[in-house]
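Q: Read off the chains here:
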Amino acid sequence: MRKNLEKYFRIDKLPHIWCPGCGHGIITGAVVRAIDNLKLDKDKICIVSGIGCSSRAPGYLNFNTLHTTHGRALAFATGLKLANPDLKVIVLTGDGDCTAIGGNHFIHACRRNIDITTVVFNNSIYGMTSGQYSPMTPAGAYATTAPYGNIDRNFDLCKLAQASGATYVARGTVYHVPQLIKIIEKALQHKGFSVVETVSICPTYFGRKNKMGSPVKMMEMLRDNSVTVKAAEKMSREELANKIVIGEFYEENAPEYTEEYKKIIQKAQGEE
Amino acid sequence: MTSKPRLMQGNEACVEGAIAAGMRFYAGYPITPSTEIAEIAAERLPKVGGKFIQMEDEIASMGAVIGASLAGLKAMTATSGPGFSLKQENLGFACLTEVPCVVVDVQRGGPSTGQPTMPAQGDVMQARWGTHGDHPIITLSPSYVREVFDMTIRAFNLSEKYRVPCILLMDEVVGHLRERVELPDPASIKVINRKRPDFSKIEQYNPYQDYDGDGVPPMVNFGEGVPYHVTGLIHDITGFPSTSPAVTEYLISRLMRKINDNLDDIIDYEKLYTEDAETVVVSFGSTARSAIRAAKILRKEGEKVGVLRLKTIWPFPHKAIQELAPTTKNIIVAEMNYGQLIEVVEASAKGRFNVIGLNKFNGELISPDEVIAKVREVNKNA
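Read top to bottom, the protein sequences are chains A and B. When you line the first sequence up against numbering that gives the first Met the number 0, it's residues 0 to 271, in that order. When you line the second sequence up against numbering that gives the first Met the number 0, it's residues 0 to 381, in that order.
Any given hint could turn out to be false.
To be verified - Straight-line C-alpha distance at most 16 Å; calculated EDC-like pairs for lysine to aspartate or glutamate:
#, chain 1, residue 1, chain 2, residue 2
1, A, K262, B, E42
2, A, K266, B, E42
3, A, K41, B, E302
4, B, K257, B, D213
5, A, K12, B, D235
6, A, K261, B, E42
7, A, K185, A, E250
8, A, K185, A, D35
9, B, K299, B, D263
10, A, K242, A, D223
11, B, K328, B, E345
12, A, K158, A, E251
13, A, K242, A, E232
14, B, K373, B, D267
15, B, K194, B, D213
16, A, K43, A, D85
17, A, K181, A, D35
18, A, K43, B, E223
Said to hold, decoys possible - Residues on chain B that point at chain A, a partial pick, calculated with CB under 10 Å:
#, residue
19, A59
20, S68
21, G71
22, G224
To be clear, the hints were calculated from the coordinates, so they are not data collected in a lab. From the three backbone atoms N, C-alpha and C, an ideal C-beta is built for every residue, glycine too.
Work the whole structure out from these sequences, hints included.
A: What follows is the structure in structure tokens.
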């Protein structure tokens, strides 16, 4: 680890609990590098998570950290941010945490456009409970609860975020790290609700169940199957099947929730 | 100096009390018969610089309340039976992580959607054991509109003092009732704020260390320059997860101890005519008012009946039952449910008293006449 990054970690809590080959450490590292590059005030950062593999990340990070109930990170984060808009609130959540049990909170946080950055660790599986399918598991894939193949269709999280009102939406992978760091930096600087879906790898459960080979093979798969937003525009539906489209999808300046609420306070106090 | 008398609804008094206690954050989701609390909070809070948010559901509301409290604001939510059920997981989180907050439950008939507009007192046990696992909780139950005001302040004070969620268990009658109320002079209101660490004496801040030996760790709010970790997992004094049996036992014991060592401070009740009573009616909320009315009528007729009105339901005031006069033979537990509090009363009575239930669960309140009839029946059979 780079020496100047050590202050962002609770070194005494390492090593982490993630399996060998897991992509989550890369995402955590990217978040920390983005924070460092932007020189954000460490004491004002709150990192909030729900339950699952991804959600153990805050325990290793040396900020105000809050490990909440399953799926509810965004609800807790909304309270934190609205109560004290000076806080920089970052939610680290998994695909199951965010889109299944937390799906309702996710779309409503997008809709409100509250200034929170959400980084979704998408490894396409429930890792902590050992390999059940999530709403992000591709149709046809195998999981412990889909022994004959998954017939659920998976969300396109970026489309869902944009349609729900998020004002910065991007996707990266744990293979394309410099780009991921840049995206997270942009998300952190964006005023409003920003979503970064990060395609991660779970060799232990998703990879093994779906015969994807070693972690290295899974990383190569990310490399070989990713296309940029720009390239994707010129590709047909068939060509895009099974491809991971990465890059920035959407950016908009829209009224931010806590600032709008400040106006409510002014209005209410002016009328008195 | 008190304010000019005004006609005030229970739910309105609840918001006024909360603001007087320092509430500056409310997150909720509308549900009958608690909705006026959200509506009035939406109007009143921004006027005092506070924040109101209508969340997407009850679960989110409870989460937002905990987040806001960690960020340093006194926070509250209000709901009714079904919504209270949804809040339970996050309520347990607040118990374990010791985040002060107030949850108002204006009870309605249940189970399930039940009777939304009718009075009931069926959440007595939900208020105690609605969330999973062993945990501390404080539950207060008001009977009068002015008392709603005072008790909401008390709920915040106890919650802040002991770092425990405090439940204000109302019923539809008290929530919707309008009464003439004189509010106290704001300067006379005692407000308690969460204990802060004394950094001149502390080298290292451990968020769950019992520095003072009273079971209540001092609290730093997020963003104040002392970052720490909060988790719903069993944690050690540093706040980090632990699977150690010793750490687990210590934490749960401390959480229970901080309440159990302070019963005299937390428990409050009213006794009426109990000194020489042969029969005592134990009750709470709106039902207690019928019991008091009945006792006043019966006393005029020479019946030796008294009333024990519980203002604190949890922790349960066992001592108040055990200390009833030697003359007392019978206890009637009047409650608008099939019989929830009666089991706890029986446990404290330990066979010393005949414990009889007066229960109503049809969406109607228990009238003074029904209490009178029950007392007469009990006294005749005794």
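Q: Evaluate each hint against the coordinates.
A: Hints and how they fare:
{"no.": "1", "hint": "A:K262 <-> B:E42", "verdict": "14 Å, holds"}
{"no.": "2", "hint": "A:K266 <-> B:E42", "verdict": "11 Å, holds"}
{"no.": "3", "hint": "A:K41 <-> B:E302", "verdict": "70 Å, violated"}
{"no.": "4", "hint": "B:K257 <-> B:D213", "verdict": "6 Å, holds"}
{"no.": "5", "hint": "A:K12 <-> B:D235", "verdict": "13 Å, holds"}
{"no.": "6", "hint": "A:K261 <-> B:E42", "verdict": "14 Å, holds"}
{"no.": "7", "hint": "A:K185 <-> A:E250", "verdict": "10 Å, holds"}
{"no.": "8", "hint": "A:K185 <-> A:D35", "verdict": "13 Å, holds"}
{"no.": "9", "hint": "B:K299 <-> B:D263", "verdict": "33 Å, violated"}
{"no.": "10", "hint": "A:K242 <-> A:D223", "verdict": "9 Å, holds"}
{"no.": "11", "hint": "B:K328 <-> B:E345", "verdict": "13 Å, holds"}
{"no.": "12", "hint": "A:K158 <-> A:E251", "verdict": "14 Å, holds"}
{"no.": "13", "hint": "A:K242 <-> A:E232", "verdict": "13 Å, holds"}
{"no.": "14", "hint": "B:K373 <-> B:D267", "verdict": "26 Å, violated"}
{"no.": "15", "hint": "B:K194 <-> B:D213", "verdict": "11 Å, holds"}
{"no.": "16", "hint": "A:K43 <-> A:D85", "verdict": "7 Å, holds"}
{"no.": "17", "hint": "A:K181 <-> A:D35", "verdict": "12 Å, holds"}
{"no.": "18", "hint": "A:K43 <-> B:E223", "verdict": "8 Å, holds"}
{"no.": "19", "hint": "A59", "verdict": "4 Å, holds"}
{"no.": "20", "hint": "S68", "verdict": "8 Å, holds"}
{"no.": "21", "hint": "G71", "verdict": "6 Å, holds"}
{"no.": "22", "hint": "G224", "verdict": "5 Å, holds"}
Hint compliance for this structure: hints 3, 9, 14 are broken, all remaining hints hold.
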